[in-house]
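Heads up: the sequence lines are chains A and B, in that order.
Just so you know, we're using numbering that gives the first Met the number 0 here: the first sequence kicks off at 0 and counts up by one.
Just so you know, we're using numbering that gives the first Met the number 0 here: the second sequence kicks off at 0 and counts up by one.
No wet-lab data here; the hints were simulated from the structure.
In this text the structure is predicted, and so the values were computed from the model without any measurement.
Some hints here could point you the wrong way.
[To be verified] Stretch-level coverage of chain B by chain A, calculated; a stretch enters the list once three of its residues show a Cβ under 8 Å from a Cβ in chain A:
(1) 8-16
(2) 48-59
(3) 121-127
[Said to hold, decoys possible] Residues from chain B shown here face chain A by an in silico Cβ test under 7 Å; the list is partial:
(4) 37
(5) 41
(6) 45
(7) 88
The beta carbon of each residue, even a glycine, is placed where N, CA and C say it ideally should be.
The chain contents come next:
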Amino acid sequence: MGNGTSIGRVRGLGSAKTGVHHWLLQRFTAIGNLLSVLFLAVSILLLPDLSYATVVEWIARPVPAVVMILLVVTTFWHARIGLQVLVEDYVHDHANKFACIAALNLAACSGIAFGAFCVIRLALGAHA
Amino acid sequence: MAKDGTRNRPLSPHLQIWRWGPHMFVSILHRVTGDGMAFAGLALLLWWLGALAGGPEAYALLTKCMTSPLGYVVLVGISWAFFTHMMSGLRHFVLDVGAGFELKTNKTWSIVCPILGVLATVAFWAILLLR
Numbered sequence: 000m001g002n003g004t005s006i007g008r009v010r011g012l013g014s015a016k017t018g019v020h021h022w023l024l025q026r027f028t029a030i031g032n033l034l035s036v037l038f039l040a041v042s043i044l045l046l047p048d049l050s051y052a053t054v055v056e057w058i059a060r061p062v063p064a065v066v067m068i069l070l071v072v073t074t075f076w077h078a079r080i081g082l083q084v085l086v087e088d089y090v091h092d093h094a095n096k097f098a099c100i101a102a103l104n105l106a107a108c109s110g111i112a113f114g115a116f117c118v119i120r121l122a123l124g125a126h127a
Numbered sequence: 000m001a002k003d004g005t006r007n008r009p010l011s012p013h014l015q016i017w018r019w020g021p022h023m024f025v026s027i028l029h030r031v032t033g034d035g036m037a038f039a040g041l042a043l044l045l046w047w048l049g050a051l052a053g054g055p056e057a058y059a060l061l062t063k064c065m066t067s068p069l070g071y072v073v074l075v076g077i078s079w080a081f082f083t084h085m086m087s088g089l090r091h092f093v094l095d096v097g098a099g100f101e102l103k104t105n106k107t108w109s110i111v112c113p114i115l116g117v118l119a120t121v122a123f124w125a126i127l128l129l130r
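Given the sequences, and given the hints that come with them, work out the whole structure.
Structure below.
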């Protein structure tokens, strides 16, 4: 089998008007990270101490619980996109690159699911 | 390179070729702190949430590890990575709208951003430990 015609080889590789989706998503999640992680950092400073009882009482409240779930989603998705760029820059073999990005997706989705599950469990009073 | 068609492409010179400048430094620092947090920071985030959901014994183990000397190195490292990545990320937002590309302005903010990151880290720990 040959390599096809010149036009055939480039078809589908150019702009399909969705080229900036990845780039934009990195910015949207960056804004999410900025707000949610600063909320966490300020909360850590405002809590009277970081003992188990204090932190559990804090994270079970509606606003902190929701922000922490959003934090998990936005940070993991930002990391997923960022690490994908790292993989694309340094892993050149197509099969290895595919495997890395597949593993990255599994890890990011698992992290989001586990983090959100933990917060929901606390917010619904598992240790109240 | 995996494909024959890409094997003989000219490659751009890598790190060792260029004379180091602040723009290069802040760009590399952005990637290093970002990828560092993607592994260490998010792992610690899940450990923390998991320990809270797991109960007082699990949280006590986390507290014991994180208040050891090595634990403090990890915590300070992650907080420094966050504030540094945040400052250079804010710089990216400015560059994204097409501003700040003038040679002198660009160089100035490339130097200022990592310094602000360190200052924010120091301020965070000062408030946390001295309150």
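Status of each hint after checking the structure:
With 0 residues bearing a CB less than 8 Å from a CB of chain A, the region 8-16 of chain B misses the requirement of three and the coverage assertion fails. With 8 residues having a Cβ less than 8 Å from any Cβ of chain A, the region 48-59 of chain B passes the three-residue criterion, so the hint holds. As drawn, the region 121-127 of chain B meets chain A at 3 residues by the rule of a beta-carbon pair under 8 Å; at three or more, the given contact holds. Annotation: residue 37/B was flagged as interfacial toward chain A, and the flag holds, the nearest CB pair being 4 Å apart, inside 7 Å.
Proximity of residue 41/B to chain A holds as hinted, the smallest CB-CB distance being about 6 Å (cut-off 7 Å). A cut of 7 Å between beta carbons decides the hint on residue 45/B: the least distance to chain A is about 6 Å, and the hint holds. Of the supplied interface hints, the one on residue 88/B holds, with its beta-carbon coming within about 6 Å of a beta-carbon of chain A, less than 7 Å.
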